[in-house]
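Engineer: In case you want the letters, here they are:
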Amino acid sequence: KAGVTQTPRYLIKTRGQQVTLSCSPISGHRSVSWYQQTPGQGLQFLFEYFSETQRNKGNFPGRFSGRQFSNSRSEMNVSTLELGDSALYLCASSLTGGAGNTGELFFGEGSRLTVL
Amino acid sequence: GENVEQHPSTLSVQEGDSAVIKCTYSDSASNYFPWYKQELGKRPQLIIDIRSNVGEKKDQRIAVTLNKTAKHFSLHITETQPEDSAVYFCAAGTYKYIFGTGTRLKVLA
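From first to last, the protein sequence lines are chains E and V. If you read the first sequence in my numbering, its first letter stands for residue 10, the second for the next number, and so on. If you read the second sequence in my numbering, its first letter stands for residue 1245, the second for the next number, and so on.
Derived from the structure by calculation, the hints contain no laboratory data. Treat the hints with caution; some may be incorrect.
[To be verified] Distance condition first, Cα-Cα at most 30 Å in a straight line; then the derived BS3-like pairs of lysine-lysine:
#1 K1315/V / K1281/V
#2 K1286/V / K66/E
#3 K1315/V / K1266/V
#4 K66/E / K22/E
#5 K66/E / K1315/V
#6 K1312/V / K1266/V
#7 K1286/V / K22/E
#8 K1312/V / K66/E
#9 K1266/V / K1286/V
#10 K1302/V / K1350/V
#11 K1350/V / K1312/V
#12 K1281/V / K1302/V
#13 K66/E / K1281/V
#14 K1266/V / K66/E
#15 K1266/V / K1302/V
#16 K1350/V / K1266/V
#17 K1301/V / K1281/V
#18 K1302/V / K1315/V
[Claimed, not checked] Incomplete in silico selection of chain E near chain V, CB under 7 Å:
#19 P48
#20 L52
#21 E57
#22 N65
#23 F69
#24 E113
#25 E118
Every residue, glycine too, gets a C-beta built ideally from N, C-alpha and C.
Turn these sequences into a full structure, and let the hints steer you where they fit.
Structural biologist: Encoded structure:
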């Protein structure tokens, strides 16, 4: 069974640009969540999608957005990049179903974004 | 807002000793508490989890305890080995997971 795949793995952008990151979940997983990882800040929750709907959102500005397609693949977009957006962006998929039905997160290897 | 505090941020132990990492959460609705291990340059991977209706869970050298009243849960690693060296993250949540800031564990041979 293929794992969670994220593309691109590495990218360099300049301030003011925008970026789109992609995540393909494990086959059969309907929940995809995104996290920002920076040194000292751990894993900060961005948003979670389930069946093409954003079910939960973290405390990030509106420059951070995402979407999920009918095949459960997800993308996240960051517009008007700032230096502080440099981080490892991790996507995780899960079988999570209905209310309160939590499940193991399977992480991708991440997309490392550097903003110059 | 929802928050998970994790301590210590770094921990060094001698091989064979035990290691304990503690987390406190704020959202009383949290019902699932996983622990993830992230080795250098690799993705986080689940090592053990516990649900709110259980007070303790063990898996070989790893155990997790949960005190719902105090909103506190802990990871215990016994007989530590060099391969246990990694960053460990606790998390709490329902649909979404709030992660702690991580503990860098170093096991000294």
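Engineer: Hint by hint, note whether the structure agrees.
Structural biologist: Verification of the hints:
| no. | hint | in the structure |
| --- | --- | --- |
| 1 | K1315/V / K1281/V | holds (22 Å) |
| 2 | K1286/V / K66/E | holds (25 Å) |
| 3 | K1315/V / K1266/V | holds (11 Å) |
| 4 | K66/E / K22/E | holds (25 Å) |
| 5 | K66/E / K1315/V | holds (23 Å) |
| 6 | K1312/V / K1266/V | holds (14 Å) |
| 7 | K1286/V / K22/E | holds (23 Å) |
| 8 | K1312/V / K66/E | holds (25 Å) |
| 9 | K1266/V / K1286/V | holds (23 Å) |
| 10 | K1302/V / K1350/V | holds (22 Å) |
| 11 | K1350/V / K1312/V | holds (29 Å) |
| 12 | K1281/V / K1302/V | holds (16 Å) |
| 13 | K66/E / K1281/V | holds (24 Å) |
| 14 | K1266/V / K66/E | holds (26 Å) |
| 15 | K1266/V / K1302/V | holds (16 Å) |
| 16 | K1350/V / K1266/V | holds (16 Å) |
| 17 | K1301/V / K1281/V | holds (17 Å) |
| 18 | K1302/V / K1315/V | holds (19 Å) |
| 19 | P48 | violated (9 Å) |
| 20 | L52 | holds (4 Å) |
| 21 | E57 | holds (5 Å) |
| 22 | N65 | holds (4 Å) |
| 23 | F69 | violated (13 Å) |
| 24 | E113 | holds (5 Å) |
| 25 | E118 | holds (5 Å) |
When each numbered hint is compared with the structure, violations occur for hints 19, 23.
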